[in-house]
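Novice: Could you put together the complete structure from these sequences and hints?
Protein chains: 2
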Amino acid sequence: MLRTTTCGALTMENLGENVILCGWVQKSRDLGGMTFIDIRDRYGITQLVFNMDDNRDLCEAARSLGREFVIKAAGLVVERSNKNLKMPTGEVEIKITSLDILNAAKLPPFLIEDETDGGDDLRMKYRYLDLRRNPVRNNMILRHKMAQTVRRYLDALDFIEVETPVLIKSTPEGARDFVVPSRMNAGEFYALPQSPQTFKQLLMVSGFDRYFQIVKCFRDEDLRADRQPEFTQIDCEMSFIEQEDILNTFEGLIRTLFKDVKDFDLPEVPRMQYADAMRLYGSDKPDTRFEMQFVELTDLVKGKDFPVFDNAELVIAINAKGCAGYTRKQVDELTDFIKRPQIGATGLIYLRHNEDGSLRSSVDKFYNEEELKKWSSVLNTQAGDLVLIMAGTTDKVRKQLSELRLEMGSRLGLRDKNKFSALWVLDFPLLEWDEETERYHAMHHPFTSPKPEDIALLDSKPGEVRANAYDMVVNGTEIGGGSIRIHDRALQALMFKHLGFSTEEAQKQFGFLMDAFEFGAPPHGGIAFGFDRLCSIFAGLDSIRDVIAFPKNNSGRDVMIDSPSTIDDKQLNELKIKTAL
Amino acid sequence: MLRTTTCGALTMENLGENVILCGWVQKSRDLGGMTFIDIRDRYGITQLVFNMDDNRDLCEAARSLGREFVIKAAGLVVERSNKNLKMPTGEVEIKITSLDILNAAKLPPFLIEDETDGGDDLRMKYRYLDLRRNPVRNNMILRHKMAQTVRRYLDALDFIEVETPVLIKSTPEGARDFVVPSRMNAGEFYALPQSPQTFKQLLMVSGFDRYFQIVKCFRDEDLRADRQPEFTQIDCEMSFIEQEDILNTFEGLIRTLFKDVKDFDLPEVPRMQYADAMRLYGSDKPDTRFEMQFVELTDLVKGKDFPVFDNAELVIAINAKGCAGYTRKQVDELTDFIKRPQIGATGLIYLRHNEDGSLRSSVDKFYNEEELKKWSSVLNTQAGDLVLIMAGTTDKVRKQLSELRLEMGSRLGLRDKNKFSALWVLDFPLLEWDEETERYHAMHHPFTSPKPEDIALLDSKPGEVRANAYDMVVNGTEIGGGSIRIHDRALQALMFKHLGFSTEEAQKQFGFLMDAFEFGAPPHGGIAFGFDRLCSIFAGLDSIRDVIAFPKNNSGRDVMIDSPSTIDDKQLNELKIKTAL
Chain R
2 MLRTTTCGAL
12 TMENLGENVI
22 LCGWVQKSRD
32 LGGMTFIDIR
42 DRYGITQLVF
52 NMDDNRDLCE
62 AARSLGREFV
72 IKAAGLVVER
82 SNKNLKMPTG
92 EVEIKITSLD
102 ILNAAKLPPF
112 LIEDETDGGD
122 DLRMKYRYLD
132 LRRNPVRNNM
142 ILRHKMAQTV
152 RRYLDALDFI
162 EVETPVLIKS
172 TPEGARDFVV
182 PSRMNAGEFY
192 ALPQSPQTFK
202 QLLMVSGFDR
212 YFQIVKCFRD
222 EDLRADRQPE
232 FTQIDCEMSF
242 IEQEDILNTF
252 EGLIRTLFKD
262 VKDFDLPEVP
272 RMQYADAMRL
282 YGSDKPDTRF
292 EMQFVELTDL
302 VKGKDFPVFD
312 NAELVIAINA
322 KGCAGYTRKQ
332 VDELTDFIKR
342 PQIGATGLIY
352 LRHNEDGSLR
362 SSVDKFYNEE
372 ELKKWSSVLN
382 TQAGDLVLIM
392 AGTTDKVRKQ
402 LSELRLEMGS
412 RLGLRDKNKF
422 SALWVLDFPL
432 LEWDEETERY
442 HAMHHPFTSP
452 KPEDIALLDS
462 KPGEVRANAY
472 DMVVNGTEIG
482 GGSIRIHDRA
492 LQALMFKHLG
502 FSTEEAQKQF
512 GFLMDAFEFG
522 APPHGGIAFG
532 FDRLCSIFAG
542 LDSIRDVIAF
552 PKNNSGRDVM
562 IDSPSTIDDK
572 QLNELKIKTA
582 L
Chain V
2 MLRTTTCGAL
12 TMENLGENVI
22 LCGWVQKSRD
32 LGGMTFIDIR
42 DRYGITQLVF
52 NMDDNRDLCE
62 AARSLGREFV
72 IKAAGLVVER
82 SNKNLKMPTG
92 EVEIKITSLD
102 ILNAAKLPPF
112 LIEDETDGGD
122 DLRMKYRYLD
132 LRRNPVRNNM
142 ILRHKMAQTV
152 RRYLDALDFI
162 EVETPVLIKS
172 TPEGARDFVV
182 PSRMNAGEFY
192 ALPQSPQTFK
202 QLLMVSGFDR
212 YFQIVKCFRD
222 EDLRADRQPE
232 FTQIDCEMSF
242 IEQEDILNTF
252 EGLIRTLFKD
262 VKDFDLPEVP
272 RMQYADAMRL
282 YGSDKPDTRF
292 EMQFVELTDL
302 VKGKDFPVFD
312 NAELVIAINA
322 KGCAGYTRKQ
332 VDELTDFIKR
342 PQIGATGLIY
352 LRHNEDGSLR
362 SSVDKFYNEE
372 ELKKWSSVLN
382 TQAGDLVLIM
392 AGTTDKVRKQ
402 LSELRLEMGS
412 RLGLRDKNKF
422 SALWVLDFPL
432 LEWDEETERY
442 HAMHHPFTSP
452 KPEDIALLDS
462 KPGEVRANAY
472 DMVVNGTEIG
482 GGSIRIHDRA
492 LQALMFKHLG
502 FSTEEAQKQF
512 GFLMDAFEFG
522 APPHGGIAFG
532 FDRLCSIFAG
542 LDSIRDVIAF
552 PKNNSGRDVM
562 IDSPSTIDDK
572 QLNELKIKTA
582 L
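Here the protein sequences line up with chains R and V, keeping their order.
Counted the way the working numbering counts, the first sequence spans residues 2 to 582.
Counted the way the working numbering counts, the second sequence spans residues 2 to 582.
Do not rely on the hints blindly, as some may be mistaken.
To be verified - Straight-line C-alpha distance at most 20 Å; calculated EDC-like pairs for lysine to aspartate or glutamate:
no., chain 1, residue 1, chain 2, residue 2
1, R, K28, V, E519
2, R, K571, V, D223
3, R, K462, R, D428
4, R, K577, V, D569
5, V, K579, R, E575
6, V, K263, R, D156
7, V, K126, R, E519
8, R, K126, V, D516
9, V, K73, R, E245
10, V, K73, R, D489
11, R, K146, V, D159
12, R, K577, V, E575
13, R, K579, V, D55
14, V, K509, R, E506
15, R, K571, V, E506
16, V, K28, R, E519
17, V, K571, R, E222
18, V, K571, R, E506
19, R, K577, V, E437
20, V, K73, R, D246
21, R, K73, V, D489
22, R, K571, V, E437
23, V, K577, R, E222
24, R, K260, V, D460
25, R, K107, V, E519
26, V, K577, R, E575
27, R, K577, V, D223
28, V, K579, R, D569
29, R, K571, V, E222
To be verified - Derived DEER-like restraints, expressed as beta-carbon distance ranges:
no., chain 1, residue 1, chain 2, residue 2, range
30, V, E439, R, G188, 54 to 60 Å
31, V, L86, R, L495, 44 to 50 Å
32, R, T567, V, D435, 21 to 27 Å
33, V, D569, R, R412, 46 to 52 Å
34, R, R228, V, E439, 43 to 49 Å
35, V, E439, R, R225, 48 to 54 Å
Simulated from the structure, these hints should not be mistaken for laboratory data.
Yeah, the Cβ is synthetic: ideal placement off N, Cα and C, and Gly gets one too.
Specialist: Structural data, given as structure tokens:
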């Protein structure tokens, strides 16, 4: 045996034991005739002590060790005179009697400490060293615990984890596929799955009743901030259920995760209609850690010859509590914020409810005190509040005010990463209009069922058809979404028609699924959670990158292994493909 | 709620309850004025009963149901007059008061029964219907249980499951890679991993200490019987360990699997040197459910002017106990068996130890009774035994007799699928000579460490260098293998040199790993189990196909979804590749 214990295990209970430890040299201090070395492994840090008087050679060997050297050290567990009660092992040290260098180490390119001096690029190139740092490794351990908890919870509820194929078929619907040329079927390609959607539905047709999988999925999209070409889903499906069953089952999953992994009691998750979420927060994924809901002023403010309001489809406001004291500069910052190209608003109007009770707005010349009082009343302001008002076309102004609301939430410290607020958003629209292709797209995917009472609207008002679709939102991030699926061939065919598929196209791409619906498909539905995102929220991180062991950069490159890379002509020839640059 | 319970739950304890069941119509019988329907779901079968006298419409609706219709039925749990004690629900039936058809079903193309009339091709095309059959679905449930058990066992031992990337880099070593053209890095390709080998080693460099993953791997090889282009590994790695630690940890895993999943107490797993396995069984994966070890007769039989033996490098024999009564025809069958092209032997010699104690061989004219007695003695034959002898060059004759041994084991009923015998095979050769490329290849992979005492032989006798490598064999199938890895840059570079890599090639392909070894790599080693194979052995199946939900056929095609398939020119253009057929 190389070691008898780990570097996180020894306490006063082990005094007098002879032990062997293995690990990395974290740091070293010489103090008079003594040398102290902190040895580190995944489990903790233990102090080793060497004494010139006891054994000069050994102590000098210890002094020759560099940072990150891998060593094996044997000795006696003794009590420390200078205890460090912050560490589990801080009351003891090991009086070393033998020392072996298992591997030397070059000086790392950045500090292996909780706070490092390494920049992003360097840490990605030497990701294996970055993973040595406690915060990064702890993210991976958190992720492991979450996956274990998910599996335990679902297994206990009779869900079966079934592995679906990674080499599947390319479909034009949705995001861009990664493809894999087939050598045995030259000229043909597999595709990597964007989700196991059709397979899990087939498993329901097979009678699996309850399926789940924690599974890699792939999307060849341009990587905006915080997207990865490969990502992980918790993918689930149930048969013979209604929406209520799914909401209860997976609310239970999320609450169990919070309890078991974070020891946090997530309250019952409130539910909100999509339409209400848009009306009250301007977003289908509102951050409900704070209120600051939208208030509609449209009717109240029209007809006073203020053209911005008079010409607006919608005038909405939020009450930024306690911000009446904002300086001109601070208000200008907010105006600049909403004028940024990615938000694209033209202006911001405010109403101050001053500490002395007076009301002042940036449009005082159009509205008298009486009118401002009405605004104040519907916004329920108190002395010290600042009302921020925006106007425009409904969809745009809602999005814009939503951004401002989040900004105000951040400025007011209302978006604490250690606080968690979850929400179900229900009854999404089935279809959304795509300006670019000038046709309707499935808002979730083409297998989502419309609400039965809305099917009649499919021809006349397709944009108003609601779906049996739901998202779970935590802290303003969509962590999962799903739907009750179509299980009837005719309805599925109708959906494809409305999505612009010809009958032939639909049959070619999804014939296997529609055929399956004819052999006894049960009512079914499911949900998929973005596991990377869920882990990052649990870890209190903004980015998913640090909950992925070996992530890719924004160009889809793994800079550590230098991938993608060119391949041999021999490989290309075997695959019967050529590059065409 | 669509249902109140499942079709496998109701017993005498539920008498008098009103229940709602959902499921598939398994079968239907009309008996006078009664109709009985077996309704099936994943959990079981329950009998529904309808009575013409009670409700004519309902009973007629029931009679109109076809096989595999999906129904919802509500009624009262009553005691059956004609009980079926073989089924958990066989003492009750449900007197139905309401019936809904949730989905009709066309007649399935084959019987959804334990024994089906569907051929392989048809069942693959309608895999979702094949998965409805109990034996196939039970295989998937077994697989799920095994995965859960693996995770529970390893988690309890502080192993962390870390997801390694699927989009990695192509390497020329080993089997052929599947590649994925990169759109964002046109002209470059990712590769799908054949195993996460280098990543798990980097995780050891990162100090993860104990890693595992149940992970999809990919190999673009011609699919001989029972290979799949995508397969699943239980992939594991440990730091600061010796071979003994790995053998103990993973013997524990396999024994836990047998205990928890099959309720079978696997005895302590014996260990055998590779050289001994070859000598005693002619195979590095001997089936140890039965003995029938090889006995070397070379020295004993030479010098009697029998040219077959005199010219042979090796003469070996097995004792087929109780087969002395084999007819001439049966012996001829064995001769034909070993002469088949895939075995390629030229002849078989036998020695009968007849029931009357006499000895008769097929080479009586060269060997007298005295000599045959010596053979009988070393083979420890008893009256009724048949000795089968083969001669030739060492490697060939061992392989040939190994095949014959397995054939005899099968004929003698010694290879019961419900019996399990495991074995560790240790100390594999590091390198093996490849006739085709005329160079040495790594027998396991290039990261396997040589035994320290054999390193000196690398230059002089590379074929004799033993590796710190081990396989676990169950019932004659290799279910897993691994090694203690190289963790020293210089030794790794030496290995690449011996494998024919130039320094530049080695650096280009594996520089990231060799660089990592310079920053403090711990001693480490690991193992990977073929999860599909392990599941098939547990399920008592010959093929891995039926433990995979959606397998591909021998041409790498998924005939259900019709993949691989051609893709749009638009996709090809975006990827900047062309097909070159």
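Novice: Could you run down the list of hints and mark each one as holding or not?
Specialist: Status of the hints after comparison with the structure:
1. R:K28 to V:E519: holds (18 Å)
2. R:K571 to V:D223: holds (17 Å)
3. R:K462 to R:D428: OK: K462 of chain R and D428 of chain R at ~16 Å, within 20 Å.
4. R:K577 to V:D569: holds (16 Å)
5. V:K579 to R:E575: holds (13 Å)
6. V:K263 to R:D156: Measuring from Cα to Cα gives roughly 18 Å; hence the hint holds.
7. V:K126 to R:E519: holds (15 Å)
8. R:K126 to V:D516: Holds, because 11 Å separates the two Cα atoms, which is no more than 20 Å.
9. V:K73 to R:E245: holds (18 Å)
10. V:K73 to R:D489: The given pair, whose Cα atoms are some 16 Å apart, holds under the 20 Å limit.
11. R:K146 to V:D159: holds (11 Å)
12. R:K577 to V:E575: holds (18 Å)
13. R:K579 to V:D55: violated (73 Å)
14. V:K509 to R:E506: The given pair, whose Cα atoms are some 45 Å apart, is violated under the 20 Å limit.
15. R:K571 to V:E506: Holds. K571 of chain R to E506 of chain V sits at ~16 Å (cutoff 20 Å).
16. V:K28 to R:E519: Within the cut-off at roughly 18 Å; holds.
17. V:K571 to R:E222: Holds: K571 of chain V and E222 of chain R sit about 15 Å apart, inside 20 Å.
18. V:K571 to R:E506: holds (16 Å)
19. R:K577 to V:E437: violated (24 Å)
20. V:K73 to R:D246: It holds: about 17 Å lies between the C-alpha atoms, which stays within 20 Å.
21. R:K73 to V:D489: Distance ~16 Å between K73 of chain R and D489 of chain V Cα, so the pair holds.
22. R:K571 to V:E437: holds (17 Å)
23. V:K577 to R:E222: holds (16 Å)
24. R:K260 to V:D460: Answer violated: K260 of chain R to D460 of chain V is near 59 Å, above 20 Å.
25. R:K107 to V:E519: Within the cut-off at roughly 6 Å; holds.
26. V:K577 to R:E575: holds (18 Å)
27. R:K577 to V:D223: Between K577 of chain R and D223 of chain V the Cα gap is close to 16 Å, so the pair holds against 20 Å.
28. V:K579 to R:D569: Holds, at about 16 Å.
29. R:K571 to V:E222: The given pair, whose Cα atoms are some 15 Å apart, holds under the 20 Å limit.
30. V:E439 to R:G188: 54 to 60 Å: Violated, since E439 of chain V and G188 of chain R (Cβ atoms, about 34 Å apart) do not stay within the stated range.
31. V:L86 to R:L495: 44 to 50 Å: holds (48 Å)
32. R:T567 to V:D435: 21 to 27 Å: holds (26 Å)
33. V:D569 to R:R412: 46 to 52 Å: Holds, at about 48 Å.
34. R:R228 to V:E439: 43 to 49 Å: holds (47 Å)
35. V:E439 to R:R225: 48 to 54 Å: holds (51 Å)
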